[in-house]
Structures are given as C-alpha cells and as structure tokens.
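Undergrad: The lines below spell out each chain.
Protein chains: 4
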Amino acid sequence: MKTTARLNINCVDKPGLVAEFTSLLFERRLNITGLDQYSTAPEDGHFFLRLEFQVSSDLNSKATIRDLLLKKATSLGIDCCQVRFSDEKRKTAILASRTEHAPLELLWRWRNGELNTDITMVISNHETLREHVERAGIPFHWVPVTPDTKPQSEAKILELLDGQADLVVLARYMQILSPEFVAQFPNRMINIHHSFLPAFMGANPYGRAHERGVKIIGATAHYVTSDLDEGPIIEQGVARVSHRDTVAELKRRGRDIEREVLARAVSWHLDDRVLVHGNKTVVFS
Amino acid sequence: MKTTARLNINCVDKPGLVAEFTSLLFERRLNITGLDQYSTAPEDGHFFLRLEFQVSSDLNSKATIRDLLLKKATSLGIDCCQVRFSDEKRKTAILASRTEHAPLELLWRWRNGELNTDITMVISNHETLREHVERAGIPFHWVPVTPDTKPQSEAKILELLDGQADLVVLARYMQILSPEFVAQFPNRMINIHHSFLPAFMGANPYGRAHERGVKIIGATAHYVTSDLDEGPIIEQGVARVSHRDTVAELKRRGRDIEREVLARAVSWHLDDRVLVHGNKTVVFS
Amino acid sequence: MKTTARLNINCVDKPGLVAEFTSLLFERRLNITGLDQYSTAPEDGHFFLRLEFQVSSDLNSKATIRDLLLKKATSLGIDCCQVRFSDEKRKTAILASRTEHAPLELLWRWRNGELNTDITMVISNHETLREHVERAGIPFHWVPVTPDTKPQSEAKILELLDGQADLVVLARYMQILSPEFVAQFPNRMINIHHSFLPAFMGANPYGRAHERGVKIIGATAHYVTSDLDEGPIIEQGVARVSHRDTVAELKRRGRDIEREVLARAVSWHLDDRVLVHGNKTVVFS
Amino acid sequence: MKTTARLNINCVDKPGLVAEFTSLLFERRLNITGLDQYSTAPEDGHFFLRLEFQVSSDLNSKATIRDLLLKKATSLGIDCCQVRFSDEKRKTAILASRTEHAPLELLWRWRNGELNTDITMVISNHETLREHVERAGIPFHWVPVTPDTKPQSEAKILELLDGQADLVVLARYMQILSPEFVAQFPNRMINIHHSFLPAFMGANPYGRAHERGVKIIGATAHYVTSDLDEGPIIEQGVARVSHRDTVAELKRRGRDIEREVLARAVSWHLDDRVLVHGNKTVVFS
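Protein chains in written order, with the working numbering: chain A, 4 to 288; chain B, 4 to 288; chain C, 4 to 288; chain D, 4 to 288.
Think of the hints as simulated: they come from the structure by calculation, not from any bench. Just so you know, not all the hints are guaranteed correct.
Because identical chains cannot be distinguished in the list, a pair is counted as satisfied if it fits within a single copy or across any two copies.
With a Cα cut of at most 27 Å, we get these calculated DSS-like pairs of lysine-lysine [said to hold, decoys possible]:
#, residue 1, residue 2
1, LYS5, LYS17
2, LYS159, LYS92
3, LYS94, LYS17
4, LYS5, LYS94
5, LYS75, LYS17
6, LYS153, LYS92
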C-alpha cells in the first residue's frame, strides 16, 4: 500500500536545493508525482518547494524517509522543512457564529471527501448550528461570549481545542480574538473576510461596498494574525454586481463567493499547498 | 432616414413616469427599441430611465421630439432630462502621458467604430505619443507640466478644450488636476485608475498590491471629482495573479484590464448608459 | 399589506405596448418597481416585457388587477400574458439520482429563502438521498427505473407530480425521460447539463472534455424538450482547468459550477425572469 | 552578462529525471530560476519538464551547456529534449486576411516587448493591412488566393516563409490551408478560432452561437493540424453575453476575447511554456 508524501521547504535560496532533495528521493527509488518550486529572485532570494512523492504507507517506511529528509535539510542549514503523509489526517476545528453558509459548506465538502482532514468539532457562540453539526456526527460546543466574559470564553475555547486542532477555521466567527489567542495558531488559523481585502477592512463591508457603488464585490481567505484583516492572503474571489443590488443582495451573492473562497483556502492548506513568507503566501495550487 | 434617440431621466420618483413618456412616444408613433428603468426604492426613491427610440433624422423631427420631451419633463417637475441623437456625435478629448496602452486602445476602438464620438484631440505632457496620434488623423498637443507651471498648463489645456470636449478622458494622465479644472467637467471627465478601488487609492497601486500579496488585481473607471480617486465608479475589472507575478508583471497584466475597463466606461458614457446619482452610478449596460 | 406582482408579456411587437400597460397601472395608482423590456428588432420583431409592481395582497385586489391586465392583453391581441404574485408560491418538484450536490444545493438555498417556491417533493431512482431530504421536512419518493419498467416508472412519477409541480427540476437525474413525459411540462422543466453546451452533448461530458484537452469547462441549465440537450438555454457557467486536472478533478470542479448555474436558473424561473421564444430564452436577470 | 536558458523535456516517465537534470545544472553551478514538472500518472506515465536557469550569454557557454544537456538526454534515452536561450530570438510570421484586430494586437504587444520574438513578416490575401504593418517596420506581403490559384498561393507563401518562420500565427487568416502546407509546421502553427471549441467548429461560429442562444461565448487558440479545428488547444477565453447581443455584437465582443487568447498563446509558445502530447497540451503558464 502506498500513500502520498509531501515535502515542503521554505528557506533562504542556495544553489542545488532541488537537486539535493530529488536525488535523495531517486536514490531511494521513490517516485516524484508533483514538484512545485519558486524563488523570489534569481540571486539571494527566498526558496519554496513542494515535492509530492509516493511511499509505502507502513509506519517504518514513513519514519525512515521523514528522518532522511529532515536530516538532509539540517545538513543544508534549512530550518523550515516539513514532511507530511496524506494518510495521516490532521485535525480541523471550526469556529462559527449564527451565519451558517460558511461552516455548512465546509461540512458538506468534508463529507464529499474534498477536505483531507478530520473535523474534530464546531464551536459557536450561538446554539443555532447545533442540529446541523451533530447530524453530521461532529461534536458541537456552545461557548457564549459577552464583553465581560471574553477572556473566560477564549480560555474555554483553547481548552476545547487543546490537542484537537492542527487547523482552526473561522467560518464567519463574529468575535474578535485576542492576540494571545491568535498567537497559539501561527499560520494555522484561517479566516474568511467578506470583502475584497484590502478594500473594506473592518466591519460591515457589504454595506460600505454598496455605499461606495463598486461594480465588483469579493471575499478573502487569510491566515489570522494579531493585526485584524492584515494577515497573509491565501485566496480571493469576486463577483460582478450592479446598481440594482441592495445590501441584502450583496450579502446573498457574497455568501456564494465566501463559500468557494474559504473551501479552496482550507483545501489548499490541508494539502500543504500554502507556504507563508512574511505577510504573503506562496500557493502551489 | 432614421436615427436612434435616447431619453435619460434622473429625478425623484413619482408614479406614472414611465407611462407619461412612453405614451407621449406612442402618440407620436415613435418606436421604442430599448427601455431601462430603475428606482432606488419602492416608495420615495430616486428614478432613472433610459429610453431608446427611432426617429427621423431630419433636424426638424429631432427638434420637435426633443421639445416635446423636455416640455413634458418640465410639466412633471423633472429638472434632469436629456435627449440625445446618435447621429449628433459629441466631442471627446483624451489626456495622456507617456503610457500608451490606454490612449491607443481608445483610438483603436474609435477607428473600429466602437466609440460613437469624434475624437477632437489628444493632449499630453510628453511628446512620445505624437506620431501615433497624428497618424490616426487626430490633432496632438504637447502641454508640458512642471510643479511651477501647473496653473499655466491647466489654463492652456482648458483653452484647447474650449468647445471641443463634451467628454474628457484621462487615459493614464499622470498629473493631478486642480479642483477648479475638474469643476469644468462635472460627470464629463472619466479617469482609469489602476487598482480595484477603493483598494490602493493614490499612487503606486501595483507596487502596493504586490506588497500586500493580493491574489486578484483590478482597475476602475470613474468620473473625476475634486476628491482624488473618490468619484462615482462606472466600471471595474479584475484578473487573477499569483505569488509568481512581479510588480512589472502586475503592471503588464493590469494594462490589459485597464484597456478593457476604460473602453467599456467610455463607450457606455457615449451611449448615455451611465446616470450619476450622488457618488454612485446607474449603468444600463 | 403589499405584495409584488409580476406581469410577463411575450408577443409579436407592436407600437405602444409599454405605454398601454404602464398607463393602466398608473391609472390604478400602482407603483412600478421594475421594468424590463426587449424587442428582437426595431420593426416586426418580437416583444418581451417584465413589469414588477406593488399591489395590496388581499385576494380581491389581486384578482382585480389580474383581470384588468389579462383583458387589456386580450384587447391588444396578445395571447401570451402572465400575471403572478410573489405571495402565491408555486410548487417545485425535484428529480434526482445518486448525485447529491445539485439537489442538496437547491434544498440549502430554499431553506435560506433564496428560492421563492414550495418544494413539494424529491423523487429519485435511488434511496441514497432519502435521509437528507426528509430531514429538511420534504417528502421523498423512491421510484426505481429499469429498462423494462421505464414506462411504469414514468407513470408513477407523473402520478406523484400531478397537481404538485408547477416546476420540475432535474437535479442531475440520470434517466432520459420520454417525449410524452417531457411534453407535460413545456418550459416548466429545468435540467442541469454538465457541460458547456453545445460542446459535449450527450453522455460523459467531463471525460470527453478531458480527452479533448479543453482549458475551460462549464455547465448549462436549460429547459427540457424532446430533443436531448437541445432545449432553450437559461444560464451557463464556466471554470478554468489545466492539464493537471484528471477527469475526477473536472467532475469535482464541475459540481461547483453546476450548483451555481442550476440555482441561478431555478431562481430566475421562479421570479418570472425567463421568457422563452422559440429555442432561446430572454433572461431579465 | 547572463541570459535565461530553458530546457524542455517531453518523454516517457522514468524515475530520477528531475534529479538528473537539476544535479547536472548544480554541478555546473547554474542557478535554476524556474521549474515546472508534470507526469500524466504516478506509474508508466508521460513526463514533462520545463527548467529555467541563468547562464552566461557568450556563445561558448551556451553551446557547452546545450551539449551537456542534450548528451544527458541521449544517455537517458530521451529523444524529445530542447534547449533554448532567451537572447536567441526565434522568428514569427503572421498570416492574416482583412480582419485587423488579431494581427494588430500581436504587433502592439510585440512593440511593447511582450512577445519575445522577431516578427519577420505579415502575409495577407488582402491589401488592407499593408499600411499598418509597414508603419511598424515589418515587411508586408500580399498573396491573393482564389479557388483556382490556391496551390500556387500556398507555394508562394511557403517560399516567403522559408527560413523565416520558426512560428506561424494564423491571426484570423480566412483561408483553409492544405494538409501539405500544415505538415511543414508541426506544433509551430497557431490559429485563433472564434468559438469555444469544440462548440461551433467550422464556419460562422458567432452566428451559430446566436442561433443556439448560448449565454457565454469564447475563443480558442490551438496548434493547427490537418484536422480542421481539431488540433491541440493551447488556451481559451470566454465572455458572458445575453439575449440583447446581436450577431454583430457577439463578433465585437469576440474580438476582445480573440485578442487576449491569441496573445497569451503566442507568448507562452515563445517562452517554451507549451508542450504537446498527442492532441493535448501541457501549459506551464
């Protein structure tokens, strides 16, 4: 039995990196089935690699090749090297509020086999999604938030997520999380913002888009950082609108964009297609 | 011989407006070939109408129907009513700088019969476009601008435009025009901004888009007001980009979007498809 | 209490049609909130009108205005005139097979208030969707089909639909319906075809798209006629693909297009935005 | 002085191909600045590689590395291996008819530095483009074609192209070329077809698209083979249309799509981004 392995390298560029890793795999007679490479500049740039190869799925084979690749990386002075196997599913937790299109879309795609992950839970500050979530066989946790109880609520959420969330998805979660909370999930927390960032950062983007009279609206999936709506952008999508569209209609059409954009971003993250560099992403989609 | 007439109404809504004008045309046995109507609200809203009908192209017939429609509008208390005939071409002047894709695209489409206008001149603060423009049989005026001579330059441009410009198109004209200049062409001066407004207002939008790591870039055609990059948006367009795209590549791809978006905006304006309301447009495209 | 009324006219063009109907509404002091008009030619063309206006929702007011409009149409020799009220929901039945994305998308949008209809039932030749459908509170009927039992199955379906289906949606229903069946629902049966028609008519479009190496795939919603995949097209959508996409990946991405395109087509039909003329549609979207 | 070198490999897959070539470049201390790889299957598939690296631009250095790479390819049993240098411009000839948007767009982009080629000539069966072409400093050849003189015309064209055309672009050239002619330029002749192939193959695609009532139109750039409109597709583009669009309007909007799609296809070909396999392309865009 074979599984797909993925090597990600994200380091200062130096000559021979592709040759080093592909030669190592060739020596082990491992078949490369995907290779994406990018450097920010011909000289003195930053280097990004995603290598996909087939490997026996037994634990021993996987541990061996992982060790070899990590050792090779160390010997080359690379500190950001990651090896993952598609048969070792990571855990995803979803945070949501009342709005249902974003979390339900993720559940639907997960059930259809489009998201390579285990969804460990949905946490919401409202009870409205419970039935949908539990029907899908996923634990639902209600963690209400008030201005006074915010620290306790975050503590409660962190406790629930402890060991259960390699990835946290904010699927239209309408609470602003503290920098301390965000710091727990560097490049592992994805938010969907309902505008074409950096346009209409902050609250009420569809209302402000309507006010400004734009002819195209959008949505943006990004990693969450302590700077609100400023984290590395993973994916964006847009749709044409016209003077006829009310704010309510913009919201309705925005839902369709948000569903698609968030699903793509989460799927790419889970397939190790997104590498972060400073405040930007390299997406090998 | 027939020509196409266009009636535009832009006023406070009241019952019966469509009936009034369509009945008047029916009584004259004039054939309506296009009708677009929009109200901002079911009650107490603002009303927009574009009526296209066929009329004899002799001056008498046109004057008669124009008078009838304007009188009808007056009798209904409508102050914003416009009647135009497609065989009475308006005059368009283009302002440009060194960048050639935007002005050349307009000239190309004009030569192909896609823009219903006479292009009376191209004015530039550089000489680089002269040959292209004069080959197309259009007068070219070089009006250099320095920080010190800006008022004189604007005066010179105004003099050139006097009576020669029903529409002014800023086809990547890289000088900021004074509020006094802008005020001469209310809803008659179109600019193409090289970003997806309101993102990246101001200078160097492609550089800032690259810096922010957006996945989609855009361009915006808008009427110029004294608030820089804040005027009513007529049309926008976008294109997907990736981490691989340098600033130079964003600019190159942006050129394609700018060409298209500006051409559509100018064409719609010339066909009386754009009605302005506050800082927004109604576009009957 | 007000409701929205919609008048649709679809007839040979003649002068004054817009004036006649808008004047009638004006005389009754009924407020027009939407007007779309189209003629296929300036002279001797075909005329299409969609008028949206506000009317008291009591039965008496609605019956009165309906009568007036129908009489006016008759007096003008128009035979194709329709008056509908948005508070009188029509009935929609969905036919599906094993594939779940299309029927579930419709149920999801219906539940979100995006489809102005009552969904009376889902009929399938497989049991797989039962749980989803019944959870949504909608009757599910299993009507298996084999080559031998096709006539009986169709009879059974017709019996179920009798009086319960103003609109029938084939949401990836994988059986070909007989011309006799189709004839029961002229311009009232919508199918989603998983290709960009007329490319790849018939079976296995994604496989054939892959074989041909196209760079864009699509989906098409159309009214069903007795000519397979030849009925009037209501809406189409596309997505870019590349050499990297396997047939399975084309199918996965196609699902997203199909969901959107079918939802738009059904929504527009239910809002009386689709007028059929010969084998083409006029869509006032 | 450095130039960019491009290695293309197109062969039956076998393990270690990436390692072999990247190691060879690493040993010579040549810096890889781009790498795209694709295999049609994990086992027994077909392998495609595009390697971009920097090399000294003197003739000696280029000859040396070319030899090394070709020898390596031979030693690995690879017969389809190509090494090109971006400072060695290839020659492009354009065939056109009366329609000017496609050839002029290519000339415009070439003048803007977007096409890495020398345009050696424009050949047309009409005189209409002469002035435009000669102004751009490019030789123009008028080769009229009648049903009777077709063989002679083709012979004349072949004579003109002899040694002057690494790439032939049919920029809306309205004559069907004989299989013998086509055979001279395998995977080196690009055509722009004015439909979304395989829909509306053959003549009058916009008329037939209008007739069918499609909601999206398109254009397709493909390599020319002896099977008309059946060659490997390089790129496609689309635009939304509606019932309001006449055939003339479809043609006008189609021109915009054709310009873009053809420009992209030619640009990618010239950058060695298009690899042909059977009747399909791998495009490393």
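Undergrad: If you check each hint against the structure, which ones fail?
TA: 3, 6
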